[in-house]
Every structure is written in structure tokens, then in C-alpha cells.
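Generate coordinates for the entire structure from the input sequences, incorporating the hints supplied.
Those protein sequences? They're chains A and E, same order as listed.
Take the first sequence: its letter number 24 is residue 24 in UniProt numbering, and every next letter is one higher.
Take the second sequence: its letter number 177 is residue 177 in UniProt numbering, and every next letter is one higher.
Derived by calculation from the structure, the hints in this document are not laboratory data.
Hints may contain errors.
The list treats identical chains as one, so a pair stands whether inside a single copy or across any two.
[To be verified] With a cut-off of at most 30 Å between alpha-carbon atoms, the simulated DSSO-like pairs for lysine-lysine come out as follows:
{"hint": "1", "residue 1": "K161", "residue 2": "K89"}
{"hint": "2", "residue 1": "K51", "residue 2": "K9"}
{"hint": "3", "residue 1": "K23", "residue 2": "K96"}
{"hint": "4", "residue 1": "K36", "residue 2": "K51"}
Number of protein chains: 2
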Amino acid sequence: MHYPEPIAKLVESYMKLPGIGQKTAVRLAFYTLDMKEEDVNAFAKALISVKRDLHFCSICGNITEEDPCEICQDTTRDRSIILVVEEPKDVMAMEKMREYHGLYHVLHGVLSPMEGTGPEDINIASLIQRLHDDEVKEVIIATNATTEGEATAMYLSRLIKPAGIIVTRLAHGLSVGSDIEYADEVTLLKAVEGRREL
Amino acid sequence: MHYPEPIAKLVESYMKLPGIGQKTAVRLAFYTLDMKEEDVNAFAKALISVKRDLHFCSICGNITEEDPCEICQDTTRDRSIILVVEEPKDVMAMEKMREYHGLYHVLHGVLSPMEGTGPEDINIASLIQRLHDDEVKEVIIATNATTEGEATAMYLSRLIKPAGIIVTRLAHGLSVGSDIEYADEVTLLKAVEGRREL
Numbered sequence: 001m002h003y004p005e006p007i008a009k010l011v012e013s014y015m016k017l018p019g020i021g022q023k024t025a026v027r028l029a030f031y032t033l034d035m036k037e038e039d040v041n042a043f044a045k046a047l048i049s050v051k052r053d054l055h056f057c058s059i060c061g062n063i064t065e066e067d068p069c070e071i072c073q074d075t076t077r078d079r080s081i082i083l084v085v086e087e088p089k090d091v092m093a094m095e096k097m098r099e100y101h102g103l104y105h106v107l108h109g110v111l112s113p114m115e116g117t118g119p120e121d122i123n124i125a126s127l128i129q130r131l132h133d134d135e136v137k138e139v140i141i142a143t144n145a146t147t148e149g150e151a152t153a154m155y156l157s158r159l160i161k162p163a164g165i166i167v168t169r170l171a172h173g174l175s176v177g178s179d180i181e182y183a184d185e186v187t188l189l190k191a192v193e194g195r196r197e198l
Numbered sequence: 001m002h003y004p005e006p007i008a009k010l011v012e013s014y015m016k017l018p019g020i021g022q023k024t025a026v027r028l029a030f031y032t033l034d035m036k037e038e039d040v041n042a043f044a045k046a047l048i049s050v051k052r053d054l055h056f057c058s059i060c061g062n063i064t065e066e067d068p069c070e071i072c073q074d075t076t077r078d079r080s081i082i083l084v085v086e087e088p089k090d091v092m093a094m095e096k097m098r099e100y101h102g103l104y105h106v107l108h109g110v111l112s113p114m115e116g117t118g119p120e121d122i123n124i125a126s127l128i129q130r131l132h133d134d135e136v137k138e139v140i141i142a143t144n145a146t147t148e149g150e151a152t153a154m155y156l157s158r159l160i161k162p163a164g165i166i167v168t169r170l171a172h173g174l175s176v177g178s179d180i181e182y183a184d185e186v187t188l189l190k191a192v193e194g195r196r197e198l
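What follows is the structure, given as C-alpha cells:
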């Protein structure tokens, strides 16, 4: 005898999540069995809702319930700046800061020759389309500080600058609250290169 | 702006699982967003099915889709032995061994004065009921080797022995393939106490 069919199926589903192997999946499945019925139903509903009710904004590519998204629709935001990020969660991280009031553009990936991701595979064409609008004065590139993120930033900068738009990149350096002692060399180098007069 | 409502709800659900904090829940929610729609639907269905289609066997307390469970219904099994475990997953672990052909009884817990779990809170009454059947000759107590598991084993043994039924306990000792060097003292003590002539 193996696990009863419903448990086996749930184990299989849990194992599709990142970082969850068979043992953890079995533990989670049995835990689910002991959960309150309403909690399990809410969980199932939330799973379906995430796929059914969320779409990508046709302007900026961010995830949203309505199209265009709240931010693109918001007339109080500064339409002269577009901040370019890799993923929707980066938009949410930026919004948590509460100090950026421009617009966003989500690439949904980065250029990666290793993985065969070229400019046509990510959301670049629609960004260029948006720049034809005279309002845009600055593009802030906020891709991650990885090799692919840097290469994408460089690619976009070369593509956009000729149009007379200012292209900037987020500052890299030491995290606030971090110890120099524990910083890696690349971060330290960026911190020294980007030093500012007091 | 916080996360869109559907994501926030899914994060909340993931956080109800053991060992999953907010950061992991957010990561899983965004991962879910990128999963294939059919996989997410299967996941939701499996969650609901686990609560809806599984019940406890009215005889042994094991989880089952039909009542009585497959094992209790199986006439080829030895009805003179009942193996008592704490949880349904212990039954599945035993069945994996493929060498035990008797019946089971699932307690759904252990006696724990610390947590206020007394004999009436776990599935003991129905075990005693089953013992009135003349067929039962031996009860193997396979509760875990924890303080509560040992106490429960002792309690059951005192309750059952007067009825003239043999009560046994699984052997404790070194795991197969383990090093004596790394075994804890209690396990070593059990291994010495339980030594057998070669």
C-alpha cells in the first residue's frame, strides 16, 4: 500500500514548488490533512485566483487585477521617469520605499546568451514604444547587480541614449547597516568607485 | 501599494504551512504565478480532495477513502495481531516494509499531561473495544521512542495485559547502517539492554 490517492496527488503538487523535496512534501500533505477545512479551501481558492485574476499590464508589464495597472492609471505620478526592473516583485519592493513617484517598466527577465534569452524574448520592444512619448525624460535601470542584469542595463543604455533620454542606474555599494569586514570585494569596489564628497 | 489582493491571500495561505515564513511564502506565491495553469489547478484540486475524500476508518482510525479501510477489509490479513501507532503516516511507513500482515490501530496522538492530552483525547476506547473480540492474541505497541510515546506504551500495556493478551513493543537499538561512535547514549543503552545471543 502506498499513500491514499488524494495524499499522493497533493504530495506531487507540493513537490512542484521550489525547494520542496519528497520528505517535506509528505510532511506538508499530512499537515494539510489536519488543517481547518476553511483554511484549506481558502488556500485552494487563492491558488486559482492568482492564475485567474492577475494579468500583466499592457503598458508596463507589471502584474495587476485591472488593465492598465493602478500605477499606469495614476495621473498624480511623474510620467517623465520610467524605472526599469526585471520582475513584478521588484516593483513591489520599490513601492515599499514610498519615495519613488514615477512609472515602471517590467522586463520579465534579463538578457542571457547562456540561456538563449535575447532582446526579443523580454519586454524591451514595448519599452522603446513608450519612449516615443515626448514626456519621458529619464530611464532608471534597476536590473539586478548580476552579470546578466549589468549586461541588460548596458544594452538598454546604448539603445535609449541616442534618443536624447537620460539613462541612469541605481547606485551600488554597501548595504545600510552592513559591516565592511563582511562585504564581498565586488561590492566594496562599487562602493569605492561610487564614493561621494561629504 | 502592497501586493495585489490575490497574491497577498496566497502568501497568507502559504504562511499557514509549517516552516514557511513570510519571505518564503512570497517567493512561493510569485513562483505559483509563473507555474502552468494546469499544475496550479491540480494543486488546488488536490488540496480540496484531501479534506473532502479522506476520512478516518471507523475501526482502526487510519485515513482512508472508503470505510472501513482497505486493511481492515482485507480478509487475508492476520486478525490476531494489532499494531498500535500514533499517526496514519506511521501505518504507511510500516506498510512500506511489506513484512507485517496484521491489523493496525491509529491513536491520533499520545498521552501528554504537559499538553493536557489524556486517555479520552486519543483513540484508546475503540482499541479496547476491538480487544473484546476473541481473535486478538497480541498487541504490538509502536508509539515513538519519545517520553510521551513510552508513557503511552506503558499505559496501554497495563490496560491490556489483564485481559490475557500479549503486549509487545518494537525493539529499540542502533539503526541499521549507523555508527556506534555517533549514536546517542539513550539509543546505546537500549541497544545494550536489548542485546541478543548470536
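The hints, checked one at a time:
no. : hint         : result
1   : K161 <-> K89 : within (27 Å within a copy, 62 Å between copies)
2   : K51 <-> K9   : both (20 Å within a copy, 13 Å between copies)
3   : K23 <-> K96  : between (36 Å within a copy, 15 Å between copies)
4   : K36 <-> K51  : both (24 Å within a copy, 9 Å between copies)
Checked against the numbered hints listed earlier, the structure breaks none of them; every hint is satisfied.
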